[in-house]
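J.: Residues per chain, in single letters:
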Amino acid sequence: MIAPIVREAMDTIYPSNLATCSAEGVPNLTILSQVWYVDERHIALSHQYFNKSKANVAANPHAVVRITGNDARMWELRVRYLRMETSGDTFDQMKLKLEAIASYMGMTDVFLLKGADIYEVLRVRECTEHWKAGKWA
Amino acid sequence: MTLREGLYSLSFWLCYTCDRQSNFGDKGEGITLEQAVAYIRQLLESPTIGYLGTRDARHQVFSTIVFSFAVQEDPPRLVAHIPEPAIVEARRNLLICDYVAVLFGDAQTYENIQIKGRAAVRAATESEEAYSVVMHRRLNRFYGSGLLDDLRMTPLMAVEVEINEMYNQAPGSGAGEPLVFDRREGGSAG
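Keeping their order, the protein sequence lines are chains Y and G.
Be aware that the first sequence starts at 1, since it is given in my numbering, and climbs by one per residue.
Be aware that the second sequence starts at 1001, since it is given in my numbering, and climbs by one per residue.
None of these hints come from the bench; they were simulated from the model.
Any given hint could be a false lead.
Computed beta-carbon distance windows for the label pairs [what the hints assert, rightly or not]: (1) G/Asp-1056 - Y/Leu-96: 33 to 41 Å; (2) Y/Glu-8 - G/Arg-1091: 24 to 32 Å; (3) G/Asp-1056 - Y/Arg-83: 21 to 29 Å; (4) Y/Ala-3 - G/Val-1134: 42 to 50 Å; (5) G/Ile-1096 - Y/Lys-132: 21 to 29 Å; (6) Y/Glu-8 - G/Gly-1144: 14 to 22 Å; (7) G/Glu-1126 - Y/Glu-24: 35 to 43 Å; (8) G/Arg-1092 - Y/Glu-129: 16 to 24 Å; (9) G/Ala-1120 - Y/Ser-103: 42 to 50 Å; (10) Y/Asn-70 - G/Asp-1074: 36 to 44 Å.
We put the beta carbon where it would ideally sit given N, CA and C, even for glycine.
So that you can see chain G by itself, here it is in the shape it has in the complex (with noise of 0.2 Å):
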């Protein structure tokens, strides 16, 4: 990458941090888990791309890219969907710690948000299988760089999330800011 396209990947950050002071009202206005659900639905509607972090027994964290999310809405859960070869370790630790991070968001904007919640993974269903296609070719073409072009992205797993925390990720004053909502299905905060 030159220095050109540097400054340019940058500025995007950026240029989102401003942008996206006021995308969730005043600290502390919080939103619902219904409008969290339709901000997850808005997101992914862009090329998107994130991370899951889970962590092992001694506190040792993991963390495993993801190139497809889906949400639904009932129960309100954020659906990762992974393939099989790159969930090794996260399965494992899922075993012997449930409480999962994932953070996403919008590959061109940089616009993030961080999950948190207890997990469950599952094997993909047909039609999942095929709308991970479809994400995962999104992404490719956004990039223009043949990301996903090696990687083999079948057999698919689906980690359900719960959607029991979610903050603000976008860079700047904002970052790390809880975006309360009304939860009803319990957990720990952690």
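So that you can see chain Y by itself, here it is in the shape it has in the complex (with noise of 0.2 Å):
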């Protein structure tokens, strides 16, 4: 289901962004440092201060990841929430990759991944096919 290309865009220099929904129905926006390619059909985001995203994904699990590759493709990860993980190669993973920064910035104590959100990627969409000039009438 993650295509290579979208795969791609998920480690560019363009923010990327979890926006999630609460029980109540008010949006929630966040910027993400790491969105990290589990699987074909699963994503796994740093969990490091998203106290309100954490909540809003535990009352509705359905969020969506936005990511803008090199080429300024846009893409729509539509996802579900499934788990967190302290622990495990993924887990492992995303912490080195902290870590390396954190240790890099003189950081490390400040830095702290919590856990490694797993979510499953339910469709992927551009966002800019409709939206490239000379195709919008």
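Combine both chains into one complex, guided by the hints.
T.: Quick look at the structure:
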């Protein structure tokens, strides 16, 4: 389900975004530091500070991740929260990347990965397809 | 993107996390609505990128990317400029629920804030279209990647969002912390 071009877009200079919705129906947005490819049907998001997002997906597990590729194509991943992992390969790899950066910056005590939030990818859609110049009448 | 570029990009994010903590004062101290508007105005002096969050009747959330923002003082509103092709779903959702979230910030430093409030959409004025062109060009220059080259930016719509809730969205221990100010326009915090 996650095509190679979408996987590449998970690791670009453009900020990624997680959108959730509370049980009361109030949207919430946050910037993501890591969108981690797990397999063709799952991604992981680093859980560091997403208190409101976590509360939202606990009540309403459906969310949206927006990513932008280096080719400027934008993708919407409609996802469903499954669980948080605090050990295992995905968590270890995400933690390693974060620790490498924190060590480089001398901030190892500040940036701690609380968990790897695992999401099932339900649908992937390009957001820019209908938006290109010349394709919009 | 190479690993080095990735580390550089993320290091910006992490640097900002530490630098950002004191910008809004101590937790609970809060800022006034005037200070909020002034802060937004200052933030908009940098290349800015953000998102508009809406939801449908089933509480499915939608995120629309935004490349141009402005702030107005009376009444205090954040204005997001969004090309019509990109706002189809958001306009439909606004008919169901007009309480939205807007996350935006400095594309270079990752200094971000989130605003929530009631929103209304209208056609952009000619001056807003001209302003938006400047914002788009600035962002394109910053990324240097032709991010917006292939996207049609007109006709342009303006989404006016009341500043009812405002949050520090800086990555770090202060992320999601509410920035309290004197609300003048009511509305549910949700």
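J.: Indicate, hint by hint, whether the structure satisfies it.
T.: Okay, the hints, checked on the actual structure:
no., hint, verdict
1, G/Asp-1056 - Y/Leu-96: 33 to 41 Å, "39 Å, holds"
2, Y/Glu-8 - G/Arg-1091: 24 to 32 Å, "31 Å, holds"
3, G/Asp-1056 - Y/Arg-83: 21 to 29 Å, "26 Å, holds"
4, Y/Ala-3 - G/Val-1134: 42 to 50 Å, "35 Å, violated"
5, G/Ile-1096 - Y/Lys-132: 21 to 29 Å, "28 Å, holds"
6, Y/Glu-8 - G/Gly-1144: 14 to 22 Å, "19 Å, holds"
7, G/Glu-1126 - Y/Glu-24: 35 to 43 Å, "39 Å, holds"
8, G/Arg-1092 - Y/Glu-129: 16 to 24 Å, "18 Å, holds"
9, G/Ala-1120 - Y/Ser-103: 42 to 50 Å, "48 Å, holds"
10, Y/Asn-70 - G/Asp-1074: 36 to 44 Å, "42 Å, holds"
When the structure is compared with the earlier hints, a violation turns up for hint 4 alone.
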